[in-house]
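Enquirer: Chain by chain, the residues run as shown.
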Amino acid sequence: MNIFVLNCGSSSVKYKLYDMKKEKVLAEGRVERVGQDNAVITHQPIGGEKVSKAMPILEHTTAIRECLNLLTHPEHGVIKSVEEIDAVGHRVVHGGESFSDSVLITERTKEIIDSLAGLAPLHNPANLTGIRAAEKIMPNVPQVAVFDTAFHSTIPPHAFLYAIPYSVYQRHKVRRYGFHGTSHKYVSQRAAELMGRPIEELKIISCHLGNGASIAAVQNGKSIDTSMGFTPLEGLMMGTRSGDIDPGAIFYIMKQEELGLHEIDSMLNKHSGLFGIAGVSDMRDIEKAISDDDRLASLAFQMYEYRIRKYVGAYVAAMNGVDAIVFTAGIGENTPSLRTALCANLSYLGIAIDEEKNKIRGEDVEISTPDSKVKVFVIPTDEELVIARDTAKIV
Amino acid sequence: MDIRKIAVLGAGRLGRGIAECAASKGYDVILFSQGAGGQDALRRIEKSLDRKLAKWAITESEKRLILGRISYTLDLKELSKVDLLVEATIDHFYTKQELLRTADHLCRPEVVFISTSSTLRISDLARGINRTDLLVGLHFIPPVPSVPVAELVRGTHTDEQAVEVARQFATRLGKQVVEIQESPGLVNPRTLAVLVNEAAYLIDEGVCDAYQAETIIKRAWGMTQGPLEMADRLGLDLVLNWMEQLQEVFGPRYAPCPLIRRYVRERRLGVKTRLGFLAYTEDDALITEGESTQQGKQED
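First to last, the sequence lines map onto chains A and B. Its first residue numbered 1, the first sequence is counted upward by one per residue in our numbering. Its first residue numbered 1001, the second sequence is counted upward by one per residue in our numbering.
Hints in this document: simulated from the structure, not taken from any laboratory. Accuracy of the hints is not assured; some may be wrong.
[Said to hold, decoys possible] Quick partial rundown of chain B residues pointing at chain A, CB under 7 Å, derived from the structure: (1) LYS1055; (2) TRP1056; (3) ALA1057; (4) GLN1161.
For every residue, glycine included, the Cβ atom is placed at its ideal position computed from N, Cα and C.
Looking at chain B on its own, in the form it has when it is part of the complex (with noise of 0.2 Å):
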């Protein structure tokens, strides 16, 4: 099947930056978000665009030629219209899985849906839906647009032809497609998850602050964006998530770091409330260290 129109559910910043980078690359989007904040979706996909043209990544008319591909709805009869379907809501395993059979009733039977969840099994996903064999798990990495790598998973009865789109997809979308065994954390969030965790109890323990953390570690292995930053941009309340679904099944290693618990309980979650580990701009630019310091104290 020729897939042109797909289907993004989650406004998220995982939802937007797959709806902005599939809609760069010729599809049409439809971006599904029944949250609050999903109105705004668009606008901030917009924003994503204007900092790629200031950086002249694109030009005035592809920006407007990427916005005309992509709609919002709150209306998921609209599923019924798409060729392919990705799933990027955040990992409870009950919401997911409640949003896939819905999807379920309402997309052609011969859609395959992409999961894009690092935390849950595709196999255990897959078990409330028709379509068991269509579900194929695709772990994009934010920002979408600029991470050129994604992991892939089948669970246990995923069909061989399901994989197969899903990897033309990621690697239209100029994805290296890594395809690895169905293991909750995957590679990236697991891995990033022990880093951050060890740069928290760092800082805890006053060895340095976070922006000597984030230094040593970016400069040292050659990072164009350093760990702390990461979790700041994917929100500290997901990553504390993260851990500790991943500390359900793997046990106290990854146990997170009271520092991470004692910020998520003061609403201290990243970019999006423009602190976490790091300081951040009302544009969602990093405050360096120096303009940080003043912030820093306002805040504490």
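Chain A with its partners taken away, still in its complex shape (with noise of 0.2 Å):
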């Protein structure tokens, strides 16, 4: 069986060709400034040339299609028509209260996903523009929708609601939803295998550091609690996100500074964390300026572990203790001074790691020491192959 996974942005498309047969990777790609007369196309198939053109895409489907081309291509395809294809998978970012679990996708599921581009104005859109796209180009073929908050909706209401009028969360649906809900999913399964043990007897702590980053708590298999809430804004110091702020401040600041609401979104969102305190936002920028002795990147590196490390404490505490923690994305897999720094402040846990094993990269591997009471992994996380599986099982 041969799935698609397509990941739409409003100027992007992501897609990766499964063969589940094997849970292979045929073949990846992307395509960049849709919308634009220079969109640049990248076509990677496995063990084979990568293919990049500019081209004008004006619009997703031409885009979709476009990709396409290239999996049948002669030369560079890795399939012989589109009729190989027998399912496509839809990372959708927002699925509200309305899906717990993937779905395939009907007239019904496009309604709601549209119904919920208020509470991700950036991404349903874009995510159900792809799906029209797809759907045109493919109109026999099932669709299914993997939801980013999905994994999330195990959450119960004491650890969803925020404390604020009721009123507010019944007419307005606001609540903790969470995010990366598919990488969090993914690691702490992945965990669980590694650890020879099932999921449903297991807490964890699953640690997704990237640009955005978020960190779950995963009691028996499902996520009951996360840092992210309403909006990916909430919890860890991020790249370029504030994370936890005291609402108060937000006010005062607005007054003090004479700030608009856009502009106090942008602030936050955009010029906060990592890049609000050292001036970069990526990490391997932080690291290089403190090898150089630049005291404010040493401090957000510092505030960077201490949040997360905050959110372990309370994560033990949320599920009466940890058996593994995980570490996944961008951040979370390269910084292995950060896993050291945090792991060494852990150690009322039992927590020890392997330095040489904290130093692998790009695989999966566990790197506490044989008799640490709390497991640590490193797991590269692989959200389309989740998509991929979710897809495999509803078709």
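The two chains are supplied separately, each in an independent frame; assemble them into the complex guided by the hints.
Expert: Rendered as structure tokens:
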């Protein structure tokens, strides 16, 4: 069974084609600058030569059609015709309270995704555009939606509600939804596999640390809490996002600096986090600046680590224990110094890590020592594989 | 037709504001101006973006992206490349009509024309061009990037599809579009003219000074910018021009207060001359009341 996985943004399309018999990627690629004359399409058949070309691609249907042309290309393709695609799996950012799992896309599904655009204005409309475009090109191929929020639908009300008037939740559905669900689901399941134990009996803390970052408490295979909330702004300090901040400070800043809603939103989302403190948002730049004795870079690193540590402590308390901690995504996978600093500060949990293993990159690795009371893993995330698996399961 | 490249005729405050706003929403913009100061337009747009950057409203890379989408030219032949034309020149009927006529020859026949005129009638402007049905009135209110509403009017022959193009353009720019009947002065300029004029009388009669009038109106009506600052930012010469045109149509109730005439005669035009009803810094920032007393004394 071949599954075509699509992740459509407002001006980009990312794809992977899977052969699900072996759970193997056949080809992957992306289209950047959709909507412009100089869009760039990059296609990589696995084991083959990478192809890249610039061309006018004015909308998503053309973008997806171009991806399919490359997948079926006599020279660069990996399948003979589009008929060899059995199903399409779409990443959809927000499923609101309507979707607790992946679903086959129907007219009703699309209506609901559309109605949730207000909760994810940058993502859901683009995801829906991708769905409609794929349906247009492949009308007889089943399409499945896999939601970033679905994995967190198991969070109980006492954890997902904010302590504000209940009517606000009833009227506007303001609550914690959480994001990166597909990633948290994948790495927690993978950690259980690596431990050789059923996930149903484990307490796992999953740290997805990319440019956006979130942490999830996964108990018995279910998310029971996560750091991102109503929007991806809450929780950990991130590349350019503030994470947790006293709402009272926001009102004060708005008054003192005479800022409007757009300005404060932009400040907290785009000018804060590592960037706000150190002037750079990439952890590699932070590490380089630290080696150059940059005081603010060191401070940013300490803040970043400290906030993860606080959440780990909170989730240990929330689950009344922890069996494993997992690091994933750009920073989580590629910053050994962060893991070292964090784990050194978690010695009260009986955590000890093997510094040699901590240096290994690009593969699933247990970095804790054999006698560590809590297992610590680095697991490269694979959200597309989860989408492909869910799609295959549903169709 | 998919609209990606737009022309903005006029590089004054309104034209620059539309160009900045459109570029920040992803349009490629060609800014045309034959008047003095046009060359300075890109620098002023950059300055405006710098102010937004300082207030965290945009990032450095967003600023570069927005500026990269705007080009400036004196060459009207470039009009053949655009998908939509926005005319944002000063409200002088013959100048405007002449410019629209030239653009009519140069633009592709299906291109919709938007006029930002507030005191001239779209039906009258449309008479001079072939695409009578494709001219729509869309009055943006400065500062265009931050004012979330625009007034839309159609002329006698304006085609429904052209109206839809203008509506979609303004909506993408983040404006709530309110369609009203064609009438000189529309809603915003007409009501603002009255408010500014009345405030000018209060000042002229010695009831209050400009800062007092501004504070009371601004705070009482919950405005982010009071009417006198609005007038100063528009330019008192432009406000006077509005009032004279409105007076021609509607009679003496729009007769400009002598104080406004005096200010314009003295080249006390508002932000562009650093002094109007209120005083401004080199960076166009409003000088607070205490600071202004000092400056006012120097000016007097």
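Enquirer: A separate judgement is required for each hint: does it hold in the structure or not?
Expert: These are the hints, each one checked on the structure:
1. LYS1055: Holds, because the Cβ-Cβ distance from LYS1055(B) to chain A comes to roughly 5 Å (cut-off 7 Å).
2. TRP1056: Cβ of TRP1056(B) sits 4 Å from chain A, so the hint holds.
3. ALA1057: 4 Å, holds
4. GLN1161: 20 Å, violated
Consistency with the previously given hints fails for number 4 only.
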